[in-house]
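From first to last, the protein sequence lines stand for chains Y and R.
Note that our numbering has the first sequence beginning at 1, numbered continuously upward.
Note that our numbering has the second sequence beginning at 216, numbered continuously upward.
One or more of the hints may lead you astray.
Claimed, not checked - Straight-line Cα separation of at most 25 Å, BS3-like style, residue types lysine-lysine; simulated pairs:
#1 K300(R) x K8(Y)
#2 K8(Y) x K223(R)
#3 K335(R) x K345(R)
#4 K85(Y) x K130(Y)
#5 K357(R) x K300(R)
#6 K120(Y) x K12(Y)
#7 K223(R) x K345(R)
#8 K297(R) x K335(R)
#9 K265(R) x K300(R)
#10 K142(Y) x K130(Y)
#11 K297(R) x K320(R)
#12 K297(R) x K223(R)
#13 K223(R) x K50(Y)
#14 K82(Y) x K105(Y)
#15 K227(R) x K8(Y)
#16 K110(Y) x K142(Y)
#17 K265(R) x K180(Y)
#18 K227(R) x K288(R)
#19 K8(Y) x K297(R)
#20 K85(Y) x K142(Y)
#21 K180(Y) x K345(R)
#22 K227(R) x K12(Y)
#23 K105(Y) x K85(Y)
#24 K335(R) x K105(Y)
#25 K12(Y) x K395(R)
#26 K288(R) x K265(R)
#27 K320(R) x K120(Y)
#28 K180(Y) x K223(R)
#29 K395(R) x K180(Y)
#30 K223(R) x K12(Y)
#31 K73(Y) x K395(R)
#32 K325(R) x K288(R)
#33 K395(R) x K50(Y)
#34 K85(Y) x K12(Y)
#35 K130(Y) x K110(Y)
#36 K180(Y) x K357(R)
#37 K105(Y) x K395(R)
Bear in mind the hints are in silico, worked out from the structure with no lab data behind them.
Number of protein chains: 2
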Amino acid sequence: MSRRNAPKSVIKRLPVYLRILDNLIRRDVEIISSRVLSEETGFTAEQIRKDLAYFGAFGTRGTGYNTTYLREKLLRIIGLDKETKLVVVGVGHLGKALTRYNITKNPYVKVVGIFDANPKEHGSEIEGHKVMSMEEMPRVIKEHDVKVAMITVPAEPAQDVVDQLVENGITAILNFAPTKLHVPEEVHVHNADLTIELQSLIYYTLEDEKKNYAE
Amino acid sequence: MSRRNAPKSVIKRLPVYLRILDNLIRRDVEIISSRVLSEETGFTAEQIRKDLAYFGAFGTRGTGYNTTYLREKLLRIIGLDKETKLVVVGVGHLGKALTRYNITKNPYVKVVGIFDANPKEHGSEIEGHKVMSMEEMPRVIKEHDVKVAMITVPAEPAQDVVDQLVENGITAILNFAPTKLHVPEEVHVHNADLTIELQSLIYYTLEDEKKNYAE
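Can you make the complete structure from the sequences, with help from the hints?
This is the structure we're talking about:
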């Protein structure tokens with residue numbers, strides 16, 4: 001496995017393959033060709049073969065991939081074959097929703113700490129987890145050896161929160177705060193900005209209007 | 216403006232540029248070079264120049280871009296210079312949070328209808344908007360000539376909801392349901408899957424561990 005050679009774009013597609021495989025296995029499909037995998041994912045068959053080749057040879061020429069085998073391999077490659085511990089910072093509406101979403105939908109994720117700067121939130125419960133003060137964060141991260149954090153605070157305090165997280169050993173951050181975060185090179189940040197998703201979608205509605213005018 | 220020639224990846228970067236420009240203007244920065252824009256965004260200066268060149272010549276060689284001018288142009292290119300109407304389907308925790316987020320954070324977006332299949336939700340209010348039954352959806356979409364929808368329903372009913380939306384004239388969908396949607400070619404879907412974001416992030420924590428082992 002040449003894990004380090006796989007580009008970011010490939011890594012982003014692995015969970016998509018995994019989701020398709022989950023669905024196929026649920027429908028008792030045992031073998032899938034890259035052509036069918038292509039139809040299901042929207043990526044070209046060539047792209048899929050290239051992506052998977054970064055991690056080894058999983059298919060049989062002319063037959064395809066064994067769904068259960070490929071799923072297990074992908075779980076291992078991504079790191080979902082064992083539990084990942086997660087802390088959440090910020091319990092506004094978005095933070096609450098996303099924390100519930102992760103706790104209920106992702107069996108491989110274990111939320112070990114939820115933090116907020118607002119004292120009014122301290123002690124309130126989200127899916128059985130008590131919200132803690134920011135002061136408790138370093139202890140919890142250390143105790144559970146947490147590497148992953150989800151940030152759902154407003155833009156203003158986000159960088160300060162990130163600095164604290166990085167200082168305490170967090171190396172992977174899923175950021176929902178609408179701001180660019182500055183982190184050391186070895187820390188990975190995924191910016192999940194919902195405004196940006198919506199904005200680039202709006203571009204396409206305008207394009208459609210233009211098309212209509214042209215007709 | 217050769218709008219149709221710009222690839223999807225370019226369109227996804229436009230809102231990022233916009234956000235940086237907003238910040239710069241707030242800090243009274245009038246001119247910005249592609250080098251500084253590169254530092255702020257993380258994209259290369261060459262990439263930025265190429266991206267913007269799809270839509271015209273906005274900078275002055277050796278000087279840079281006028282922030283206010285470029286911001287106005289980008290707003291127009293994306294379609295944010297006028298209000299976009301939006302319907303939301305699904306008011307679970309995620310739906311409620313995202314609806315509030317959009318209503319309060321995005322001045323260019325106007326939510327004109329919020330729908331849910333659960334009768335218990337009908338009549339409840341989110342930021343002053345009453346939740347309606349699915350039966351009212353076609354009328355609302357038609358009345359306001361809505362083109363954009365946000366889906367925050369579970370995976371199971373998602374395709375059925377999408378079919379109804381498309382049938383009633385929706386052409387752009389921001390999908391938070393954890394499933395792949397099948398739509399006609401002219402309909403644009405952005406899949407904002409939070410599980411997938413988190414999964415590909417977990418990959419990098421594993422990579423870090425491997426690095427530690429190697430040391």
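Quick check: which numbered hints come out false for this structure?
Of the numbered hints, 1, 6, 7, 8, 9, 19, 21, 29 and 36 do not hold.
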